[in-house]
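Top line first, the protein sequences correspond to chains A and B. Each residue of the first sequence is one higher than the last, beginning at 1 in full-length UniProt numbering. Each residue of the second sequence is one higher than the last, beginning at 1 in full-length UniProt numbering.
A couple of the hints might just be wrong.
Pairs count within a copy or across copies, as identical chains cannot be separated in the list.
Listed next, the in silico DSSO-like pairs over lysine-lysine satisfying Cα-Cα at most 27 Å (straight line) [unchecked claim]:
1) Lys329 x Lys19
2) Lys373 x Lys19
3) Lys329 x Lys109
4) Lys355 x Lys315
5) Lys192 x Lys287
6) Lys103 x Lys355
7) Lys329 x Lys444
8) Lys230 x Lys255
9) Lys194 x Lys137
10) Lys19 x Lys478
11) Lys192 x Lys19
12) Lys315 x Lys19
13) Lys355 x Lys384
14) Lys473 x Lys418
For the record, the hints were derived by calculation from the structure and aren't laboratory data. All values derive from a computational prediction rather than experimental measurement.
There are 2 protein chains.
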Amino acid sequence: MGQTIPHWLEKQNDLNPDKTAIEFAGGGRLTFAELREESRRLAGGMLLQGIQRGDHIALLVSNQLSTPLFIHALSYIGAVGVLLNTRLTAEELAYQLDDADVKKLIADKEHLEKGIKAADLTSLGADDVYSSSRFPKVEEASDLNTSLDFSDPYTMIYTSGTTGQPKAVIHTYGNHWFSAVASALNLGIEAKDKWLLCLPVFHVGGFSILMKNVIYGMPIVLFNNFDAGKINDQIMENGVTIISVVTVMLQRLLKDLGRGSYPESFRGMLLGGGPAPEPLLYEAYEKNISVFQSYGMTETSSQICTLSPGEAFRKIGSAGKALSPAELKIDQSEPGRIGEILVKGPMVSEGYYKKQKRENEFLKTGDLGYMDKEGFLYVVDRVKDMIISGGENIYPAEIESVLTGIEGVQEAGVTGIKDDEWGEVPAAFLVLENNMPLDIEKIKAYCREKLAGYKVPHVFYILEELPRNASNKILRRKLLETYERNNEGA
Amino acid sequence: MGQTIPHWLEKQNDLNPDKTAIEFAGGGRLTFAELREESRRLAGGMLLQGIQRGDHIALLVSNQLSTPLFIHALSYIGAVGVLLNTRLTAEELAYQLDDADVKKLIADKEHLEKGIKAADLTSLGADDVYSSSRFPKVEEASDLNTSLDFSDPYTMIYTSGTTGQPKAVIHTYGNHWFSAVASALNLGIEAKDKWLLCLPVFHVGGFSILMKNVIYGMPIVLFNNFDAGKINDQIMENGVTIISVVTVMLQRLLKDLGRGSYPESFRGMLLGGGPAPEPLLYEAYEKNISVFQSYGMTETSSQICTLSPGEAFRKIGSAGKALSPAELKIDQSEPGRIGEILVKGPMVSEGYYKKQKRENEFLKTGDLGYMDKEGFLYVVDRVKDMIISGGENIYPAEIESVLTGIEGVQEAGVTGIKDDEWGEVPAAFLVLENNMPLDIEKIKAYCREKLAGYKVPHVFYILEELPRNASNKILRRKLLETYERNNEGA
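This is chain A alone, in the form it adopts within the complex (with noise of 0.2 Å):
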């Protein structure tokens, strides 16, 4: 048995029973003291549908009002959740329910059908699967749980998976706690903090939003979809100081805050999810916009390096530092040079469901990066994903970022194709906007200016769109397939 602490809902009721807790964007909102009330009345529920202390139940809903409220009901009755991706295929899914044992399956209405449909490729029959907006609700549940354990597990979820077959990583309710007070010690807890939560909550970088809701007691923003508009509108109007996005997103709203700019109470964006291009950077510099890059993946419990508030400006680029109180390494003896990400901290999964406990004390992330003389850490690329060309490493990540530099070029991926010459040279896949063509001549050219010889892309594909995983990120492998397929036999 590990630490225990009360558990925080029950904590949040006692401190702050009539805060808000959680505004939904989609209407409604809750205080603390309801959304206790409500994850009690639903872990009731569960009760009275056989699920216990240590069952595996998956989720498989979007970010609706009610998604924390199942969140939390799983930590009263101590059962472990199962974060489904909703943009898997039912075959995926299927894959997911078996390999993680789920004994329950609780849908939202917009997933129920490929739920179903998942359950019947496995074990689980029909009365295993539950309707999330039917599932009952009990007005006095017993027995629930009254503090947390930090060593036991809390959630599964799948790490994305862009080679080989996806592995589930546990999380302890240790893991969450330990990153949402990392956070806080990087970024600081204002009084008048609202965060805005549009990411899936299926990932953990959503997830640890709804962990920090009711660890610090601090207000959040649900989002269900992604609504530039919308989100600008809040945080202009409605007090929101920090928001988490992908580079998409930053994307979005920039160009949706157009020659606007946010309030002074707006502290900032913490990105995640891969590199950002440096223009991008750039622009939300120009317009005064605080972005925290951070770096983290799912094993980390969300983001484990951020840059600080106090950097932000300074550093562009970089993912800062490794949280306190966590600890980050570069596999690489001569400092400076590009080597394996290495990460250690209490907010780290001890490893995948039914696969070994990890040996060493550091995570090998399987990311490339290097830290500069302040020990700023700047990520490159995947280990695997990396081009060895005539001895020369190149990383993919580099040579995207100058493409999507490129006015008209909306998205690049670039992977390395087999030569007879280097061994392997790089390849790129561009998405153009609006489809207007392009002239690949002045492509080179720009990227000789740009990049050393050996990384300018051999050829060039262009694409309706880029292969990506459910969790939007760009599967270099699929685009040599792609590559393949167009020269077969050639």
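Start from chain A and add chain B according to the hints.
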């Protein structure tokens, strides 16, 4: 082995090397990089002097700029600091040196002579006593701790012992870390925070600010003497946002402030060290000063209950609620009734040196209190100080609070004396302002207005000063001795 985290000063040296860590009111300041460097040099000196991991090293020092350096140096080695109260006599110090198995004693100039005298009364020799101002420093200390284990002991502080022999409370690194984080989850951490430390660091309330300093990466202003004028200057002109005080300090600061007011950037006063008289709290209220009344003791590594900023005015007189993640119970089956205060949480010490570890999860505080309907704690008095008169419970602190509200009464102490009719009755001991005489009958009449008849003191004594221990707490058993001496043979 427990949870380990990076050494907090190493972490701040990484995150905020050039940020001011400590401003010393006596002159001088240190950045986090300097605080680290100097602490490591001292740690190197300690190693040279044969100080090893696990050794008990006594510190007999006031709030010098070098004091935090010694405290951090101990953590770099893994030695345990025994923090001695400088107001103790050589005999009292000798008891603690023996009891705590101290191996070396480090004293500042002012207390060196007393330290040597105390050491002479124990098995320690003059060779085991060091002057803090001439302690060796080493340019390149090696083999220093880079991480801290939550379960390792860091400090020992003797309880003030208003009754019986003092006992050494053991604090682990985890106790101090969770205490700092719990306070942050209540008061928040704002970018401009600067905490003023004028409590002695050998008390846990003062020590805890040194921990916040390195755990938050927040600057502090360190005072060695309580000078109301200079402290008010710091609040008004040097951006101090929070100050920790005890009642008498609050009184003096308000007196010095007069009709002036604090800037808006000043967040408030964290008030500890026992219940404060209500008139004083209302005086602060009228001056628009937020007072966060708190409740805590050496065993809880500083405050464990605190009135939150949002309730500072609405719940005057209350010590608030248990900080997250701590818990509070009243040992009383009927809600709202007075009972012993019980507390629990990761900031609560597991026990005293050489005594059995606590068996119950909850610590019995020996203090009496009650919770109002909204769950706010009101501390009433010490269990041992309660007077039982004709079957009624009387709490000396309540009567003292009424007495100090009388114009001309500077201090008041109340204790129970034997009475043939009622078993016990209250007796009052007053210190008058400027020794101006007062009409006792008028005081009695005032008490009869404010208190139930059985609470009105039967006898009144005027004293030059009240007997207090080294922590400035009234020794009520000494009041009783005063009474008994005056009535010998009567």
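Do the hints match the structure? See the list:
| no. | hint | result |
| --- | --- | --- |
| 1 | Lys329 x Lys19 | between (41 Å within a copy, 23 Å between copies) |
| 2 | Lys373 x Lys19 | between (45 Å within a copy, 18 Å between copies) |
| 3 | Lys329 x Lys109 | neither (45 Å within a copy, 43 Å between copies) |
| 4 | Lys355 x Lys315 | neither (38 Å within a copy, 52 Å between copies) |
| 5 | Lys192 x Lys287 | both (23 Å within a copy, 23 Å between copies) |
| 6 | Lys103 x Lys355 | within (20 Å within a copy, 48 Å between copies) |
| 7 | Lys329 x Lys444 | neither (36 Å within a copy, 72 Å between copies) |
| 8 | Lys230 x Lys255 | within (13 Å within a copy, 52 Å between copies) |
| 9 | Lys194 x Lys137 | neither (29 Å within a copy, 48 Å between copies) |
| 10 | Lys19 x Lys478 | neither (48 Å within a copy, 48 Å between copies) |
| 11 | Lys192 x Lys19 | both (12 Å within a copy, 25 Å between copies) |
| 12 | Lys315 x Lys19 | between (36 Å within a copy, 17 Å between copies) |
| 13 | Lys355 x Lys384 | within (21 Å within a copy, 56 Å between copies) |
| 14 | Lys473 x Lys418 | within (23 Å within a copy, 80 Å between copies) |
When the structure is compared with the earlier hints, violations turn up for hints 3, 4, 7, 9 and 10 and for no others.
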